[in-house]
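Number of protein chains: 2
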Amino acid sequence: MHDYEVLAREVMARCETLARFSENAGGIRRTFLSPPMRDCHREITNWVAPLGCKSKVDAAGNLRIRYPGTGVNGRTLSLLVGSHLDTVPNAGAYDGVLGVVISVALLRAIDGRRFPFAIEVVGFSEEEGIRFGIPFIGSRAMAGTLDEEVLERRDADGISVREAIADFGLNPAEISSMALREDENAIGYLEFHIEQGPVLENSDRSLGVVEAIAGQSRLKFIFIGRANHAGTTPMNLRHDAVAAAAEWIGAVERRAKSVPDLVATVGAIQAKPGVGNVIAGEAELSLDVRHRDDETRKAAVEYLVDQAKHIAKSRGLEVQILELVNQQAVAMDSFLSGQIAEAMQKAGCEPYRMVSGAGHDAMIMATKIPSAMIFLRTPGGISHDPAESVRVEDIAKAIECGVQLLDQLAASSKFLSFMPRT
Amino acid sequence: MHDYEVLAREVMARCETLARFSENAGGIRRTFLSPPMRDCHREITNWVAPLGCKSKVDAAGNLRIRYPGTGVNGRTLSLLVGSHLDTVPNAGAYDGVLGVVISVALLRAIDGRRFPFAIEVVGFSEEEGIRFGIPFIGSRAMAGTLDEEVLERRDADGISVREAIADFGLNPAEISSMALREDENAIGYLEFHIEQGPVLENSDRSLGVVEAIAGQSRLKFIFIGRANHAGTTPMNLRHDAVAAAAEWIGAVERRAKSVPDLVATVGAIQAKPGVGNVIAGEAELSLDVRHRDDETRKAAVEYLVDQAKHIAKSRGLEVQILELVNQQAVAMDSFLSGQIAEAMQKAGCEPYRMVSGAGHDAMIMATKIPSAMIFLRTPGGISHDPAESVRVEDIAKAIECGVQLLDQLAASSKFLSFMPRT
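Residue numbers (our numbering), protein chains in the order written: chain A, 1 to 422; chain B, 1 to 422.
Honestly, the hints are just simulated from the structure, not real lab data. Since we're looking at a predicted model, the values are computed, not measured. Some hints could be false.
Since the list can't tell identical chains apart, any single copy or any two copies may satisfy a pair.
[Claimed, not checked] Here are the computed lysine-lysine pairs in the PhoX-like style, where the Cα-Cα straight-line distance is at most 20 Å:
(1) K298 / K346
(2) K309 / K298
(3) K313 / K257
(4) K346 / K368
(5) K298 / K54
(6) K54 / K313
(7) K272 / K220
(8) K368 / K272
(9) K313 / K368
(10) K257 / K56
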């Protein structure tokens, strides 16, 4: 048996190695099929070659590493394990990358043992949505839910997704046929990822089992009052858009605090004309609402829309409301999550069941095959930032838990008999 | 006696004529000593030449038109009347200009009569502070309170105040000696100006007597919390700078509404990073507080500073506070204001005593000589906007009131015996 701490330290070192492959010096930025992505693929391929794996990059730019299995009654099965290799600008070294590198460490940890299923490590090409403003290009292509029109979207330099794929030496025409097929017998997807939040740290835990990925609403609110002189307009004759916005932000916060696990955020606010001596005639705000239960989320959004209208009316303002995103919650596979919980316990971690407030590739893969996620504690809850970090001991637990899980799944007739949806 | 309505219509037409002298086509913008200011000077000089006036442009770019008086016991006296000729960008046709044009109309309305004092119509060169970011350059130069270092301030094109003066054909070296001197015997300054607020309109009045120009505090508040993921950070673990700012904006509004005549405004707010799916780590806000009573204003600012600190502390944030402006209230001359009230009554307007929330040249002139202001109703309270307007009947009342005032002052031994401060 491996010393998981040693493997965990190797994982940290490997994440740091991959962090050097960046579009800009002095920071980490690695967007969809950018040149450093090629270095990433080469490096990881070199790590797994001695383990008897075959690696390829598929038409959507996903790195796919296959460690063969023994099959079940002549049927070839595969378990997908991984995360994404792209990053946000000014990123940390672990968001996405850590899940791929832990998956590779799993292959090291099993020491050449074969399972009934092949283990396919996936390094998704695109999760963050930075280059084209569209997230999950890699996993959507694999799940077969990528709209053809996405291929025509262009980046800031006018290069389309299709052109970017061709420029990388891949064949965009293969995208339409690359979705997981029944005959591939992919029977599950497991993703390791940093939590990107403070919940595990705050409850003093290494790992979490993700039960669901929260649904998400994003809206834009524009309060329209009347711009006027800050010195000459008495308080009772004002139609101040910033004051109305502030009252509504209070309502957003109160609602979110009053409903368990609901989060609601006003992250953006802009006043017009936006100068100190003019009462704002307009205030534009963002609203982001998330919850595991879609009805709870929708009720909160409806309430906050009503509140905005009520506050605007009571102050003689108007409010314009635009819905930008209305994305349903996605449940993780309960059988796989149960198995993860059991594996965690064996690895000495009390399993902590939680909801992911952020979207992940597992949310996309879940539309096709049973999918589950393991979260790793994120110190300070800090992610999408150079200060993003992860603890060696937590990585060791994650690898140990992963090995346990592989053994459990190999012994589960229920798991091995899964027939993929087509 | 003149038909004041006819004169008022001429005033409207003349304001429209001057509105054509702009730095940009299709809008009004006429900043300090910009080329259209020369057209303005020429046009107004042509209007007053037939009235027996001498015109000049002083070293600070102020247009000064002198209609001679008879003097008192061999002593030459002068009453200054006017406002400013510069505008904000995208201005209306009346802010400032109207006061100068009404002053010219006064010279028409007196039909060649002489008063013990000369009447000097002043068109100040700079009140808005657009070109150099410094307001009141014209009136400060005349009041002798213009710091020499202001002459070195540069505009967006790198041209200094000194150079702008020389480029216009004036001599910046004369600035230091152009302040009103005792031997000029300027015994008062009267300014006509649009109210730029809704108070007169709301109380259905044409004219107001300005008793004081409100003191003004301007501050910058920066709430510093912690930026974090909007989806993964539970409400109870947030340090949301926008939520803190919103709570404080509520306190600003409540305080202003609870103290008579206090106005307090948050006109600018910026969140960082300012995107919808990130809890704001920073929120920067402006605060503008005004009141006629300096103690009331200071008490409000102190309270709001305390509130900001209290709100920040209770949420685990910090707050940085910078004072940008702390300008005392300026009382208008009570004798002159009383005379104006009397003249208004004679002109058929019930005098409405009010405070100006905006700064004016009269505030600067008041440091040197007795100064007073007459406000004209501003439809919709709209100013600094192309929609700015004024009513013919109100202009007629203002001219009539001005003529009454001249007669009263000519008969006032108290006024005529005033000795200027030096």
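Enumerated hints in conflict with the structure, sorted upward: When the structure is compared with the hints, numbers 1, 4, 5, 6, 8, 9 and 10 turn out to be violated.
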